[in-house]
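Residue-level listing of the chains:
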Amino acid sequence: MSSIEGSAIKKVVIACDAGMGSSVMVASQLAKRLKPYSVSVTHTPVNDIPEDADLVLCQMTLLARARKSTGETVVLGFQSFLGDPVFDKVEAAIRDGGSLAD
Amino acid sequence: MTKTEDAPSRAHQLRASVQRFGGHLAGMVMPNIGAFIAWGLITALFIPSGWLPNAQLAELVDPMVKLLLPILIGYTGGRLVHGQRGAVVGAVATVGIAVGADVPMFLGAMLVGPLAALLLKLWDNSVGEKVGAGFKMLVDNFSAGIIGGAMAVLGSLAIGPVVEGITKALGNGVQFLLDAHLLPLVSVIVEPAKVLFLNNAINHGVLSPLGVTHSAESGKAIEFLIEPNPGPGLGILVALALFGMKAARATAPGAIVIQFLGGIHEIYFPYILAQPRLILAAIAGGASGVLVFSIFDAGLTATPSPGSIFAILAVTPKGGWFGVLAGVVISAAVSFIIAALLLKFGRDARKAEREQEVANGGTVKS
Numbered sequence: 001m002s003s004i005e006g007s008a009i010k011k012v013v014i015a016c017d018a019g020m021g022s023s024v025m026v027a028s029q030l031a032k033r034l035k036p037y038s039v040s041v042t043h044t045p046v047n048d049i050p051e052d053a054d055l056v057l058c059q060m061t062l063l064a065r066a067r068k069s070t071g072e073t074v075v076l077g078f079q080s081f082l083g084d085p086v087f088d089k090v091e092a093a094i095r096d097g098g099s100l101a102d
Numbered sequence: 001m002t003k004t005e006d007a008p009s010r011a012h013q014l015r016a017s018v019q020r021f022g023g024h025l026a027g028m029v030m031p032n033i034g035a036f037i038a039w040g041l042i043t044a045l046f047i048p049s050g051w052l053p054n055a056q057l058a059e060l061v062d063p064m065v066k067l068l069l070p071i072l073i074g075y076t077g078g079r080l081v082h083g084q085r086g087a088v089v090g091a092v093a094t095v096g097i098a099v100g101a102d103v104p105m106f107l108g109a110m111l112v113g114p115l116a117a118l119l120l121k122l123w124d125n126s127v128g129e130k131v132g133a134g135f136k137m138l139v140d141n142f143s144a145g146i147i148g149g150a151m152a153v154l155g156s157l158a159i160g161p162v163v164e165g166i167t168k169a170l171g172n173g174v175q176f177l178l179d180a181h182l183l184p185l186v187s188v189i190v191e192p193a194k195v196l197f198l199n200n201a202i203n204h205g206v207l208s209p210l211g212v213t214h215s216a217e218s219g220k221a222i223e224f225l226i227e228p229n230p231g232p233g234l235g236i237l238v239a240l241a242l243f244g245m246k247a248a249r250a251t252a253p254g255a256i257v258i259q260f261l262g263g264i265h266e267i268y269f270p271y272i273l274a275q276p277r278l279i280l281a282a283i284a285g286g287a288s289g290v291l292v293f294s295i296f297d298a299g300l301t302a303t304p305s306p307g308s309i310f311a312i313l314a315v316t317p318k319g320g321w322f323g324v325l326a327g328v329v330i331s332a333a334v335s336f337i338i339a340a341l342l343l344k345f346g347r348d349a350r351k352a353e354r355e356q357e358v359a360n361g362g363t364v365k366s
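Chains A and B, in that order, are what the protein sequence lines are.
Using our numbering, the letters of the first sequence correspond one by one to residues 1 to 102.
Using our numbering, the letters of the second sequence correspond one by one to residues 1 to 366.
To be clear, the hints were calculated from the coordinates, so they are not data collected in a lab.
Keep in mind that the hints are not guaranteed to be accurate.
[As the list claims (entries may be wrong)] Derived DMTMM-like pairs (lysine to aspartate or glutamate); straight-line CA-CA distance at most 25 Å:
| # | chain 1 | residue 1 | chain 2 | residue 2 |
| --- | --- | --- | --- | --- |
| 1 | B | Lys121 | A | Glu51 |
| 2 | B | Lys246 | A | Asp88 |
| 3 | B | Lys121 | A | Asp88 |
| 4 | A | Lys68 | A | Asp96 |
| 5 | A | Lys10 | A | Asp88 |
| 6 | A | Lys89 | A | Glu5 |
| 7 | B | Lys246 | A | Glu51 |
| 8 | B | Lys246 | B | Asp179 |
| 9 | A | Lys68 | A | Asp54 |
| 10 | A | Lys35 | A | Glu91 |
| 11 | B | Lys246 | B | Asp348 |
| 12 | A | Lys32 | A | Glu5 |
[Stated by the list, open to error] Restraint ranges, calculated between C-beta atoms of paired labels, are given here:
| # | chain 1 | residue 1 | chain 2 | residue 2 | range |
| --- | --- | --- | --- | --- | --- |
| 13 | A | Ser99 | B | Gly83 | 47 to 55 Å |
| 14 | A | Ala92 | B | Ala352 | 33 to 41 Å |
| 15 | A | Met1 | B | Leu138 | 23 to 31 Å |
| 16 | B | Ala326 | A | Tyr37 | 45 to 53 Å |
| 17 | B | Val131 | A | Asp52 | 28 to 36 Å |
| 18 | A | Lys32 | B | Gln175 | 42 to 50 Å |
| 19 | A | Ser40 | B | Gly254 | 18 to 26 Å |
| 20 | A | Ser99 | B | Phe21 | 49 to 57 Å |
All figures in this text were calculated on a predicted structure; none of them were measured in a lab.
Where a beta carbon is used, it is the ideal one built from N, C-alpha and C, also for glycine.
With the hints as constraints, model all of the structure from the sequences given.
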């Protein structure tokens, strides 16, 4: 179990199976929301998550695969691609401070 | 107690490893989709039965599907295992199996590309590391050249014929199912696997390598329609938009646009995972779609990716739109009806919301 302070998050990675479909969509939605806080949001295949990610988000079903390659990085799962509460939680932590843990 | 705790975690582990394996297969194909689409468009346009028949341009079709696409897959497969050096030997090894084969060697490329890269990786990590600095370039280049060349020879003489036999046997299996009108049964496997995020693995790892053999022969393949058909997902999302719980009703309309027009099917999987009985609607929709496709002898020239209705129509061969659209529409209608029945036309959702209101101390509206 790791955790990270909202203020320390500079790079969020959205992972999906191929890194070209759903993750691109989620990343562009989240990038818009996190733009005011100068946090970068990128997308990758779940087998290929970059080491410099501060926070990784992926669909619940892919959590086990994501954790395999991320080591200490916080990995959060979302259930729904649209309007999942996790996205609000991430935005709130970055905006108001507070820690995120998996 | 431990037994019941173990079971789901073992199932999860199994799912994760199947996903991971499938992810590797799809990972060799998906970065190259652009080349597949180029091939599909050139085929649809310039072959004798295409939109703009042109003998000179039609000559591009065969080398693209028999050489370019397998080599790209082998290259990418090699790169996944061992970076740029792996990619190079993967491409070289793939040439060995692809040249002279009767069928497009996609499955073969998925095998020899990573295999050649793995051999080079083993070499690099054992012998290659001990080489003195001044000789590193010499040894690196020649080890890649020799391993790649040897794999190409081995592929041409031994691996190629075996994989070609397997590819043909699998293709015949699909043809058998088609002839016996049993192909709709594959939806029983495909739709649930899809929802478990094995969609790319199933489509790009299995169905599209099979379909390409078919398509190279006859200009179209039904295999390309099985997984990317957006109909079943559309029907379920429409049913959820009308009859789902409040949260689903709010998000489903946006999901319809993203799924049906944008081709991101993943968006409807969570709704099914949350209400697993909806999988019955997906299976029924998928199976009726495949049935309609096979009745009208529908097919696509290349795999549509993403599975958007626009991508599907773009790779539909001339004269094939009716069958393809009929299958999509029927599958959407069937999955909508079944999903609406399973959701009891919203009765459960309304009841749950009323109970919620009562629990919150609100007034009951009847």
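Okay, the hints, checked on the actual structure:
With a C-alpha separation of about 22 Å, the suggested pair Lys121(B) and Glu51(A) falls inside the 25 Å cut-off, and the hint holds. Taking the CA atoms of Lys246(B) and Asp88(A), the gap is near 18 Å; set against the 25 Å cutoff, the hint holds. About 44 Å separates the Cα atoms of Lys121(B) and Asp88(A), which puts this hinted pair outside 25 Å; it is violated. Taking the CA atoms of Lys68(A) and Asp96(A), the gap is near 30 Å; set against the 25 Å cutoff, the hint is violated.
At roughly 17 Å between alpha-carbon atoms, Lys10(A) and Asp88(A) fall within 25 Å of each other, so this suggested pair holds. Taken as a hint, the Lys89(A) and Glu5(A) pair is honoured in the structure, with Cα atoms around 12 Å apart against an allowance of 25 Å. Proposed proximity of Lys246(B) and Glu51(A) is contradicted: the alpha carbons are some 39 Å apart, above 25 Å. Taken as a hint, the Lys246(B) and Asp179(B) pair is broken in the structure, with Cα atoms around 45 Å apart against an allowance of 25 Å.
Restraint check for Lys68(A) and Asp54(A): the C-alpha separation of about 16 Å stays at or below 25 Å, so the hint holds. Annotation: proposed proximity of Lys35(A) to Glu91(A) holds, straight-line Cα distance about 10 Å (limit 25 Å). Under the criterion of a C-alpha separation no larger than 25 Å, the hint pairing Lys246(B) with Asp348(B) is consistent with the structure, at around 11 Å. At roughly 21 Å between alpha-carbon atoms, Lys32(A) and Glu5(A) fall within 25 Å of each other, so this suggested pair holds.
Distance hint for Ser99(A) and Gly83(B): a CB-CB separation of about 36 Å, inconsistent with the stated range 47 to 55 Å. Distance hint for Ala92(A) and Ala352(B): a CB-CB separation of about 28 Å, inconsistent with the stated range 33 to 41 Å. At roughly 49 Å, the beta-carbon separation of Met1(A) and Leu138(B) lies outside the given 23 to 31 Å, and the hint is violated. Range check, Ala326(B) to Tyr37(A): Cβ separation about 49 Å, and the 45 to 53 Å hint holds.
Restraint check, Val131(B) to Asp52(A): a C-beta distance of roughly 31 Å satisfies the suggested window 28 to 36 Å. Between Lys32(A) and Gln175(B) the CB atoms are about 48 Å apart, so this pair conforms to the stated range of 42 to 50 Å. Range check, Ser40(A) to Gly254(B): Cβ separation about 25 Å, and the 18 to 26 Å hint holds. Our hint of 49 to 57 Å for Ser99(A) and Phe21(B) is violated, since their Cβ atoms are close to 35 Å apart.
This entry does not satisfy hints 3, 4, 7, 8, 13, 14, 15, 20, going by the numbered hints stated previously.
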